[in-house]
Structures are given as structure tokens and as C-alpha cells.
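Those protein sequence lines, which keep their order, are chains A and B. Numbering follows this note's numbering, with no gaps: position 70 of the first sequence is 70. Numbering follows this note's numbering, with no gaps: position 97 of the second sequence is 1097.
Derived from the structure by calculation, the hints contain no laboratory data. Predicted model only: the values in this text are computed from it and were never measured. Take these hints with a grain of salt, some might be off.
Computed beta-carbon distance windows for the label pairs [claimed, not checked]:
no. : chain 1 : residue 1 : chain 2 : residue 2 : range
1   : A       : LYS238    : B       : LEU1107   : 31 to 37 Å
2   : B       : TYR1240   : A       : ARG90     : 30 to 36 Å
3   : A       : THR139    : B       : ASP1175   : 31 to 37 Å
4   : B       : GLN1156   : A       : ARG90     : 54 to 60 Å
5   : A       : ARG90     : B       : LEU1365   : 57 to 63 Å
6   : A       : LEU188    : B       : LEU1107   : 24 to 30 Å
7   : B       : VAL1325   : A       : ARG90     : 49 to 55 Å
8   : A       : LYS120    : B       : ARG1047   : 52 to 58 Å
9   : A       : SER235    : B       : HIS1219   : 51 to 57 Å
10  : B       : PRO1080   : A       : SER233    : 45 to 51 Å
11  : A       : ARG239    : B       : ASN1104   : 38 to 44 Å
Straight-line C-alpha distance at most 25 Å; calculated SDA-like pairs for lysine to any residue [what the hints assert, rightly or not]:
no. : chain 1 : residue 1 : chain 2 : residue 2
12  : A       : LYS151    : B       : HIS1220
13  : B       : LYS1163   : A       : SER112
14  : A       : LYS151    : B       : ARG1012
15  : A       : LYS213    : B       : LEU1107
16  : A       : LYS46     : B       : PRO1109
17  : B       : LYS1163   : A       : ARG171
Every beta carbon over 12 Å from chain B, so not counted as near; a handful from chain A, in silico [stated by the list, open to error]:
no. : residue
18  : ASP25
19  : THR51
20  : ALA124
21  : PRO228
The C-beta atom is built at its ideal place from N, Cα and C for all residues, glycine as well.
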Amino acid sequence: MGFVLSPYSSQSQELDAQKLLEAVDDNLWSNTKYIEGRLIIDNGRKERILTWEHWMEGVDRAYSNYLSPPREKGTKMLKIVDKLWMYTPRTDRKLLIAGHLLRQSMMGSDLSYEDMMEDKKLSAAYKATFVTTEDLRGTECCVLLLEAHDKTTTYQSRKLWINREEKTVLRQELYAKGGKLLKDVEYLDYRPLGKRMFPRKMIFRDLLKENTKTTYIFDTIEFDIKIPAKYFSQSILKR
Amino acid sequence: MIVSIAWKNFSRQGIRAILNVLVTALAMVAVVFNLSLYNGFQAQATRNMIRTDVGGGHYQAPGFDILTPTEWEDTTHKVPSALKKLSSAEKAEVLVQQGQLYPNRRLYPVQLRGIDIDQTLLDLPLDGLKKFDAKLGDVIPAVLGVKMAKKAHLKQGDTAVLKWRDRNGVVDARDVRVVDVVTLVNPRVDEGVLWLRLDHLRNMTQRMDEVSWVAVDEHHGNVDGMKFQSVEQLIADILYMIEQDRRYAKIFWVILVFLAGIGVFNTQILNVFKRQKEVGTLMALGMTPGRIVSVFTLEGSMAAFLSVFLALVLGTGLFAWFQSVGLDVSHLAESTIPVQEKVLLEIHPDEVAYSTVIIVAIMILISWLPVRKITRLDPTLALRGRAIT
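Work out the full structure: start from the sequences and follow the hints.
If you want it as C-alpha cells, here you go:
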């Protein structure tokens, strides 16, 4: 069903907003995914560029391996369901990042480990309602307000700017429970990948901090590939 | 007779005797001063901790550890009825949670400390929070200590965003207004601490009726679900630190007593060497070597006995003057030691007594050691002054 923008039928709008969100999820999510890219962490004074490769299977399993700079080379992260292990070659130890540690900044970036581990499809975790249409970077977007179904969802509300033609997210805002805007994410440089449109660049900003941003640049993306089982085993967390 | 002989011999030593007495007296004064200063330091630290934080002990939520902030959210407990019924003068309910403050859009991790605003058990200058309603408004009122305000570059009337998590782990954020910046004598409740009304913090974190601990005036028996921590347990790290310092101070004592002892020891050696003929004469006249040793030992010990009186005179004056000015420890304001005012001496009579007895005993021993050889002297050689060469 297509997205209806009629201002006279709020029920169908809500229904379609949810459908649109599902379509966005379908575009972004796949059974398996391989990404090679760069993570640029800019804290306002200094910029660090990390290169990394990432394998993902469903929403529960993911493995990342950092390739550079030398200081981070060999750092590995393995996510299995709600647990995250981190291995650093300098200490030659794997560390379970659990509980409140997940809320810490990931490698000094604007993302927390928890943000990075986000494992639910938005359409499953949130109820979407249509807010308005807006022009963003020359594209007419539907602005959806997402409200969490569950009282334990970290961000209780989000706002999404969606290109309704391509079913792609151009911008996302994350809000605190009280309504204060905390973070925003820009999705840039969408390119077709098979039947999908996938952003080549994502910029995260922690809006409570000044002049900081974290940019993901995806140089290589492959969907629905076969990933060896060893990539999601703790035995991979070693030199 | 022995005492009068010893006293005559001692007084004939002139300047040497005076110096020995003076040095021993100064050593005694220094040791007692040092002990009393540590007592004063410990007393003030303990008093400040009790006044501002510890009270007569804490009933803590099981597993709570103030040094493990990542677990504060998991270690809260409903206030048990046994504690709830205590008056506001007998208890202070406290809830501690982690937060992130963004003064001038810079991240500053903080301890959110909510305290029952009506409590009178702890002496905290949080009156600035009293005028606010128990209902949480759009802006959260907070009080900061001077150190915290300085480090966070905040002043009275400033606002900053505060981010925290509620009991479900949901992120929440709101503006905080600094309604007051106060002087707190205990840096542990100042640096990194954002003081809030307990009802506000409970509301913010969805932790109704929960606490991290309840400070109480005294132990009120075992309370189900809570673990009692005594004052000594809560300030154990400070007591340990002062105890360590006391140990190091003992090195200083040893050096002082050693210096005083060297004077007496040297005098005694010189006495025996120079007064061989006198020893020989006393032996020839029938005095036993033991009695001669007693005379010489008593002579040497006179310095210790007289130094007790001199120390009393010097110490009384010095201590009286010191108590009027105190030791300025304002430089410790930058540390986490809960002592920021002037430290005064706290003199414990038992410590004065045992340190005096120890020093006098050491001096008597030192007076005896060099003169033991008198018992082995040949009287004929001693009479000619050739017994010791």
C-alpha cells in the first residue's frame, strides 16, 4: 500500500506511516550484511579516522574488526544478542561490555555502545505517526514521529525524515523522554545496491556537545552474503 | 646519697647538661605536638564527614558501593518502615544516581545526589532547594559546591542540560538551574556532586520511595533489606590514610629521640672516660661497682627528668599559641580530604603520658649503656686514669 498524505484521514495516515516505516526497515535491513568503511570521529579539536570491516547477521549477531590506525588495529567487537565483547590486542584480553558500560561512548565517538548495538527494527520498536511534509536537501520528505511501544526503549521518541518515493531515511532525530532533542543523524549519498537504496555516509551528532560529530562512510557494502560461523564465535576475539 | 651525688655531678656539667635537657625537652614537645596534630587532623576530618555525609552511620541498599558508579542504578532499595518512622532529625534519606551534565556544551559526568530536603541530621547548606515545589518543573533546581561550580565553570543562576537514565534505562534530559553555590567543608560531597531535592530525583528516575542509603543518627538495630555501615567503616579510607601518615611520622620520632639520645650517650662516655680517677677513688673507698653505675646512670637520667619539666613549660606556651592560630590547611581544598579549615591540636593525655615515659625510659637506657663498663674496671688502673684508654 502506498503512503497517503491526505490530511482528512488521520487513521489511514497512522497506518501508512507505520507501513512506510516498515518499508524503510526493509530497505535497510537484510539477513546478512558486510560493510567496509571508515569511522571519522571529530571531537571539535581533533579528528580521528578509523577503518573497519563489519559483518552482520540478522539483528542478533555482528562482528567488527578495526584495521587502522595502528593504535586501534586489531580491536574487535562481537555482539551476540544483548552482549558485546571487545578485544584489544594491546591488552590481549576480551572484555564483556555489559550493563551500564554499554552507555559509555564508543571509542570517543558520539555513539554509545548501546547505540551501536541497536538491534530492533524501528517499525517493531516504535509506533509511527505522520507529522508533516518538509523539504530536506531538495527532497520532499514525510516527517514521522516515532513513539516507543516499550517503556524500556532507550529513546522514547524519534523523528524521521523519509523520502517516501525511495523509502529512505534522510535524517533522524533522537529525543529524551522529556522531549529534549539529544542526537541527530544525517543519511547522505544514497546509492542503489541491487533493489535497495543504501546511504554511503551517516553523520551522528550529539547535540548536547559542541562541535562534535561522528561520520560513518561505507566504502563497500554487500547484502545477503554467506558469513562463516566462526565470525560470530568468541574464538575470533584474539590476535 | 646517690641522688645528691648524681645531682652534684650533673649540675657540674654546665652547658652540656643544659643542652642535653633542652634537646630532650624539644624532642618530647615535638613528638607530642606531632601526635596531637594528627589527632586534630583526624578529629576534624571525622567531624566534617559526620556533619555532612556520614551522620551516625548509613543503612545502605545491599551491594551499594559509592566507588562503583556504574552500579548505583542497580543498588537502590525502598525505605524500610523501620527507618521511615524515624524523625527528620534522626535520619536523612539519600538517593545517588549517575548523570551527565553539559555546562557550556561540554560533557561533565556527575553524581546526582538527592537528599530529603526536610532532614536536619546532616549540616548541609541546601536551603536554596527548599523554596521549590516537590513537583518537578521544566527546569530542575540544583545546588553546587564551590569546587564543583569552579570546575564546571558554572555560577549561581546558570543553566545547563542534564542527561540521566530512569529506572528502565530510558534516556531523559532537562535543563538544570544552579540556584545556589555553597561552601562545603567536605570535598567528597562537593566535587562532581549535583545536589537535588530527593523528591525531584525520585521523580526524574522513576524511583519512588527508593534510596541508596539512609543516614541515621545512631544504629537502630538490624533493618531488613538494608546493611548498616558504621562511621568507622564509612570513613575507613581516611582513617587508614591518617594511620599510614602516623606510621611515617614515627620515623621522625625515631630521628628526634636518636638526636637527643646521642647527646646524653656522648656525655656519659665522656664522663666515664674523664672521671676514671673518681671511679677508682669511689671503688677504693668501698663503693660497689653497681652503686657507682647507679650514680652515673642517675646522673645521665637527670637530663630526661629535667626535660619533662622543661617540656611542660615550653609545650604549654607553644600549644597555647598554636591553638590560637591553628594550622592553615586551605591548600587541601584541592584534595578529597575532608579538612579545609584550620587544624587545631587535640591533645590526648594518655598519648602524652606514654610518649613521655618512652622517651624517659630510652634516655635512662642510653645513660646506663656507656657506664656498664665501670663494673669491669680495675680500681688500681682507674685510680691512675689508665683503666680506659
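So, going through the hints one by one against the coordinates:
1. For LYS238 (chain A) and LEU1107 (chain B), the hinted distance range of 31 to 37 Å is satisfied, since their beta carbons lie about 33 Å from each other.
2. About 33 Å separates the C-beta atoms of TYR1240 (chain B) and ARG90 (chain A), a value consistent with the hinted range of 30 to 36 Å.
3. Checked against the hint of 31 to 37 Å, the pair THR139 (chain A) and ASP1175 (chain B) passes, with Cβ atoms roughly 34 Å apart.
4. A beta carbon spacing of about 45 Å between GLN1156 (chain B) and ARG90 (chain A) contradicts the range 54 to 60 Å that was offered as a hint.
5. With their beta carbons about 58 Å apart, ARG90 (chain A) and LEU1365 (chain B) fall inside the hinted range of 57 to 63 Å.
6. For the pair LEU188 (chain A) and LEU1107 (chain B), the beta carbons lie near 26 Å from each other, so the given range of 24 to 30 Å is met.
7. For VAL1325 (chain B) and ARG90 (chain A), the Cβ-Cβ distance of about 53 Å falls inside the hinted range of 49 to 55 Å, so the restraint holds.
8. In this structure the hint that LYS120 (chain A) and ARG1047 (chain B) lie 52 to 58 Å apart at CB holds, the actual value being about 53 Å.
9. A C-beta distance of roughly 53 Å is found between SER235 (chain A) and HIS1219 (chain B), which places it inside the suggested range of 51 to 57 Å.
10. A C-beta distance of roughly 47 Å is found between PRO1080 (chain B) and SER233 (chain A), which places it inside the suggested range of 45 to 51 Å.
11. Restraint check, ARG239 (chain A) to ASN1104 (chain B): a C-beta distance of roughly 42 Å satisfies the suggested window 38 to 44 Å.
12. Among the hinted pairs, LYS151 (chain A) with HIS1220 (chain B) is inconsistent with the structure: their alpha-carbon atoms are about 38 Å apart, more than 25 Å.
13. Between LYS1163 (chain B) and SER112 (chain A), the direct Cα distance comes to roughly 14 Å. Compliance with the 25 Å bound is thereby established for this hinted pair.
14. A hinted pair counts as satisfied when its Cα atoms are at most 25 Å apart, and LYS151 (chain A) with ARG1012 (chain B) does not qualify at roughly 93 Å.
15. Of the supplied pair hints, the one linking LYS213 (chain A) and LEU1107 (chain B) holds, its CA atoms being roughly 14 Å apart against a limit of 25 Å.
16. Restraint check for LYS46 (chain A) and PRO1109 (chain B): satisfied, since their Cα atoms lie roughly 21 Å apart, inside the 25 Å limit.
17. For the hint pairing LYS1163 (chain B) with ARG171 (chain A), the CA-to-CA distance comes to about 23 Å; that is within 25 Å, so the pair holds.
18. The Cβ of ASP25 (chain A) lies farther than 12 Å from every Cβ of chain B, with a closest approach of about 22 Å, so its non-interface assignment holds.
19. The beta carbon of THR51 (chain A) is kept farther than 12 Å from every beta carbon of chain B, the shortest such distance being approximately 26 Å.
20. Even its closest Cβ contact with chain B, about 17 Å, leaves ALA124 (chain A) beyond 12 Å, as expected for a residue assigned away from the interface.
21. Even its closest Cβ contact with chain B, about 34 Å, leaves PRO228 (chain A) beyond 12 Å, as expected for a residue assigned away from the interface.
This entry does not satisfy hints 4, 12, 14, going by the numbered hints stated previously.
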